Amino acid sequence: MTTPSPPASPPTFLLDGQPVPFTPGQTVMQAAYAAGRYIAHLCWHPDFSAHGSCKLCTVQANGRLATGCTLAAAEGMEVHTQTPELQDKRRTLLQLLFVEGNHFCPSCEKSGNCQLQATAYEAGMLTPHFDHFFPARPVDASHPEVLLDFNRCILCELCVRASRDVDGKHVFALSGRGTQSHLIVNSPTGRLADTDFAASDRAADICPVGVILKKRVGFAVPIGQRRYDAQPASAVDVASPARDNA
Amino acid sequence: MTEPMATPPRKLKIATVSLAGCFGCHMSFLDIDERLLPLLDLVEFDRSPLTDIKHCGPCDIGLIEGGVCNAENVHVLREFRAQCRVLVALGACAVNGGLPAQRNHLAVGDVLQQVYLTGHGLAAGSQIPNDPELPLPLNQVHPVHEVVRIDHFLPGCPPSGDAIWAFLNDLIASREPRLGHGLLHYD
Ligand code: SF4
Ligand code: SF4
Ligand code: FES
Numbered sequence: 005m006t007t008p009s010p011p012a013s014p015p016t017f018l019l020d021g022q023p024v025p026f027t028p029g030q031t032v033m034q035a036a037y038a039a040g041r042y043i044a045h046l047c048w049h050p051d052f053s054a055h056g057s058c059k060l061c062t063v064q065a066n067g068r069l070a071t072g073c074t075l076a077a078a079e080g081m082e083v084h085t086q087t088p089e090l091q092d093k094r095r096t097l098l099q100l101l102f103v104e105g106n107h108f109c110p111s112c113e114k115s116g117n118c119q120l121q122a123t124a125y126e127a128g129m130l131t132p133h134f135d136h137f138f139p140a141r142p143v144d145a146s147h148p149e150v151l152l153d154f155n156r157c158i159l160c161e162l163c164v165r166a167s168r169d170v171d172g173k174h175v176f177a178l179s180g181r182g183t184q185s186h187l188i189v190n191s192p193t194g195r196l197a198d199t200d201f202a203a204s205d206r207a208a209d210i211c212p213v214g215v216i217l218k219k220r221v222g223f224a225v226p227i228g229q230r231r232y233d234a235q236p237a238s239a240v241d242v243a244s245p246a247r248d249n250a
Numbered sequence: 030m031t032e033p034m035a036t037p038p039r040k041l042k043i044a045t046v047s048l049a050g051c052f053g054c055h056m057s058f059l060d061i062d063e064r065l066l067p068l069l070d071l072v073e074f075d076r077s078p079l080t081d082i083k084h085c086g087p088c089d090i091g092l093i094e095g096g097v098c099n100a101e102n103v104h105v106l107r108e109f110r111a112q113c114r115v116l117v118a119l120g121a122c123a124v125n126g127g128l129p130a131q132r133n134h135l136a137v138g139d140v141l142q143q144v145y146l147t148g149h150g151l152a153a154g155s156q157i158p159n160d161p162e163l164p165l166p167l168n169q170v171h172p173v174h175e176v177v178r179i180d181h182f183l184p185g186c187p188p189s190g191d192a193i194w195a196f197l198n199d200l201i202a203s204r205e206p207r208l209g210h211g212l213l214h215y216d
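Chains as they are written, first to last, in the numbering used here: chain F, 5 to 250; chain P, 30 to 216.
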């Protein structure tokens, strides 16, 4: 009679000194997220494939910098997220995002529920520091239920991915090059009203910032009860997977 | 023989100003309520909307509320930079232009025309004010750090009284100001 061998323990890597188990093929971000550990991110969402654009998830792994959302987890790898150098770089990335758009939080309906804002709070960003771009892209209020303010877009393409991969509608796309890159609506007129977009689409709830906003529901949640009022992004975004607006 | 009297520690001098501000940050400052009294044991106010002093003298700390929207704002801001050892951008407008910077996508001439010439409820013959007494508006609103060097930033629209209190205490004690969760906000 043989005793059953104990189940093989999964491979692990070290995240800021603590072991994180992973299944081969997972990225550092996926494994950390599954283990309830937070790595700052904006363009990554657990329901979608990695995008790698915001660079907020940059970690130091085996001495090199890499984005945690695209880096494959490997046995014994030493991953750091909180070195002073990384915290400094993360703050700089956030500052760049803030000056590239018009982030006037005091009048933004997303304030308190915004992942960009909450991530910047946690990074201790006191000032956007750089000179502001002050873009002047007209809002699209053509759709009866949803408003688009393109001046807050961080080009994460979550709406592009959600509309294409979940809704099957291809409503959004990025267009232009370099600093001229911007979000567009895929219709002959470029207006949201001239697409089959619906407020019940996944893409309507996915924007981590205040671009895609449902009409007539702004400022409904009292200050103090908004998503990031009580707890910082590191606690909120790991505890509830869908940060979606719904 | 009488003990020599201990010289009381010199009070820090603080100047405050509102540029393209709404005075809300000053109101929030007053929201420290009765803590103003112990503060007055440590500091004395130089030029400020709360005093009658017309020009900023040499100061330890200058608090700037509001962004820069006209020529006079630029002069006042430069005076503060020249006189204050430590200059603080207080509130969203000073930090990033704030809601007044929402005019930045409009041509300033069109805005003046709309308000003084073509808008509703104007008396016949209304003109855009052109007296040289009046400072000319800049074509865009700017955060204060785009005009002079700023040492510290305290965001919020407005920052809460508690945030201002914590911040000032750190500054007065020569500590790097720190704002934890709840005290740091942009809205
Ligand atoms: S999208 Fe977020 S960061 Fe931008 S203005 Fe709105 S609340 Fe602020
Ligand atoms: S609209 Fe929102 S979801 Fe879409 S790319 Fe911009 S920030 Fe991302
Ligand atoms: S979350 Fe990895 S690059 Fe955006």
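Note that these hints are calculated values from the structure, not bench results. This structure is a prediction, so every number in the text was calculated from the model and none was measured. In this text, a Cβ means the ideal position worked out from N, Cα and C, and glycines have one as well. It is possible that part of the hints are untrue.
Unchecked claim - One-sided and incomplete, this derived list gives chain P residues near chain F with beta-carbon spacing under 7 Å:
1) ALA121
2) VAL124
3) LEU213
Would the hint on ALA121(P) stand, with a C-beta cut-off of 7 Å toward chain F? 6 Å, holds
Verify the interface restraint on VAL124(P): the C-beta must sit less than 7 Å from at least one C-beta of chain F. It holds, given that the least Cβ distance between VAL124(P) and chain F is near 5 Å, below 7 Å.
Interface hint compliance - LEU213(P) to chain F, C-beta minimum distance less than 7 Å: Check passed: Cβ of LEU213(P) comes within 5 Å of chain F, closer than 7 Å.
No hint from the list above goes unmet by this structure.
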